[in-house]
Amino acid sequence: MKKKGGKGLPPISTASLPDVIFMILFFFMVSTTMRDQELLVRYKLPEATEVQKLEKKSLVSYIHIGQPSMTMQAKFGTAPRIQLNDSYKTAKDILDFVAAERDKLSENDRVSMTICLKADQATKMGIVTDVKQELRRANALKISYAASKSLGY
Amino acid sequence: MAVDKRKVQEINAGSMADIAFLLLIFFLVATTMNVDTGLVRVLPPMPPENQQQEDIKVKERNLLLVLISGSGNIMVGQPGKQEVIDLHQLKDKVKEFILNPMDDADLPEKADKEIELADGSKWVYPESQGVVSLQTTRDTGYQSYIMVQNELTRAFNEVRDEVAVKKFGAVYSELPEDQRGAVSKAVPQKISEAEPRNIKK
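Protein sequences, first through last, are from chains A and B.
Oh and the first sequence: position 69 is 68 in numbering that gives the first Met the number 0, straight run, nothing missing.
Oh and the second sequence: position 25 is 24 in numbering that gives the first Met the number 0, straight run, nothing missing.
Derived by calculation from the structure, the hints in this document are not laboratory data.
It is possible that some hints are incorrect.
[What the hints assert, rightly or not] Distance condition first, Cα-Cα at most 30 Å in a straight line; then the derived DSSO-like pairs of lysine-lysine:
1. A:117 / B:166
2. A:91 / A:117
3. B:58 / A:52
4. A:56 / B:184
5. B:80 / A:52
6. B:94 / A:148
7. A:52 / B:166
8. A:123 / B:80
[As the list claims (entries may be wrong)] Derived, one-sided and incomplete: chain B residues facing chain A with beta-carbon distance under 7 Å:
9. 15
10. 16
11. 21
12. 22
13. 23
14. 26
15. 45
16. 68
17. 131
18. 139
19. 141
20. 144
21. 152
22. 156
23. 173
Where a beta carbon is used, it is the ideal one built from N, C-alpha and C, also for glycine.
Given the sequences, and given the hints that come with them, work out the whole structure.
As C-alpha cells, this is what we get:
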C-alpha cells in the first residue's frame, strides 16, 4: 500500500559518491604501476615456486622473447623474436640497449641494474642463451628469469 | 555593513563524481597491476677476449653435473656417475650434494669459512666447495630449464633454511638483513651455467 503523498521517497544523497570514487582512485594509483611499453610479442611465462619479487622497478629493464603477437604475425611470421623497447631487435642490439638503459640510471644505481628476461615457456634455450651471452658481454650480470608464482606441482 | 543573512551559495559538487570517475578510468587503463616475479641469478662476467680461456679445475667430487636434454630429460650426477632422474628427485639429490651430511669422500669437501656477524663475533661454518653445473642443449625448452632452475633454487633455499634455524633459530626469510647475509655467505648459490652444447643430429 502506498501512501498518497505529494512526494515519494527522498532522493538518496550522492554527496559522498565523489569521496568513494576518490578512495578507489587512490587505491589504484598506489597499487599499480604505469604501463610503459606495448608488447609486440606474446608469451606465457613459465611457472616456478621459488620466485622472488623484483624490487625497485626503476632499476629493471625488460627483454621480451616470444612469438610476434597476432597482429604482427602476418608481417613477421611466427619465429620467436626479441623485443627491446618498442621494436623487434636481434641479440646483437642488446649491447646498445643495455648501454642506453644504464645511461638512464644514476651512477649509484648502475651496479644494481637488473635485466628481467620475459621469455615464453615454449622458447628454445638457444635464443635465451644468445641473449645471456650478449648480456655477459654488456656486463649486465644481474638478471631475473621472469616466472609466475605457482603453488607447486 | 549589512550582514547577509543568507548562507553562502554552495558550490555544486554534482559533477565531482564524474571527474573522479574519469581519473579512475584513466588510471585503470594506463597502469598495470602485476608484480614482476622471477628467479634471480647473477651471470659470470665475460672473460677478456684476448685472454686464453683456461678451464677452471674443479675436483670431480666437487662437481655435480645437471644436463637437460632437448626433450626435457634430466641427467644428474657427479662426473662419470650420471643417471637419468625425475624432476622430483632432483632437489633431494642437490641437497645431499650441498650438505654432504655424512662427510662422504665422494661428495664435496668442505672448507671452514669465517663469517663476521653484526655483533662482531665470528662464525665458522664448513662451507661446501661443491658447484652445480647446469648444461642445456640449444633445443631445450625454456619451461624445463626454469623448472630445473627452480628445483636448484629450492634445494639451496632449504639448505639455507636449515642452517638459519640451526644458527639463528628462525627460517631464512624471517631473519633480519644482516643475518640473512651471513647465511647466504655460508651457503652461496653456486650454480654454474655452461654454454649449451651443440649436439649435431
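Structure-based check of all given hints:
1. A:117 / B:166: With Cα atoms ~37 Å apart, residue 117 (chain A) and residue 166 (chain B) exceed 30 Å; violated.
2. A:91 / A:117: At roughly 18 Å apart (the allowed maximum being 30 Å), residue 117 (chain A) and residue 91 (chain A) satisfy the hint.
3. B:58 / A:52: Not satisfied, since the Cα-Cα distance of roughly 35 Å exceeds 30 Å.
4. A:56 / B:184: Holds, because 26 Å separates the two Cα atoms, which is no more than 30 Å.
5. B:80 / A:52: Roughly 37 Å between the alpha carbons, so the hint for residue 80 (chain B) and residue 52 (chain A) is violated.
6. B:94 / A:148: Measuring from Cα to Cα gives roughly 22 Å; hence the hint holds.
7. A:52 / B:166: Between residue 52 (chain A) and residue 166 (chain B) the Cα gap is close to 26 Å, so the pair holds against 30 Å.
8. A:123 / B:80: Roughly 28 Å between the alpha carbons, so the hint for residue 123 (chain A) and residue 80 (chain B) holds.
9. 15: With a minimum Cβ separation of about 4 Å from chain A (threshold 7 Å), the hint on residue 15 (chain B) holds.
10. 16: 4 Å, holds
11. 21: 10 Å, violated
12. 22: Interface hint status for residue 22 (chain B): holds (5 Å vs cutoff 7 Å).
13. 23: Since the shortest Cβ distance to chain A is 5 Å, the answer is holds.
14. 26: 5 Å, holds
15. 45: 4 Å, holds
16. 68: 11 Å, violated
17. 131: 15 Å, violated
18. 139: 4 Å, holds
19. 141: 4 Å, holds
20. 144: This hint holds: residue 144 (chain B) lies near chain A, its Cβ roughly 6 Å from the closest one there, short of 7 Å.
21. 152: 4 Å, holds
22. 156: Holds - the Cβ of residue 156 (chain B) comes within 7 Å of chain A, reaching about 6 Å at its closest.
23. 173: With a minimum Cβ separation of about 15 Å from chain A (threshold 7 Å), the hint on residue 173 (chain B) is violated.
Of the numbered hints given earlier, the model fails hints 1, 3, 5, 11, 16, 17 and 23; all others are met.
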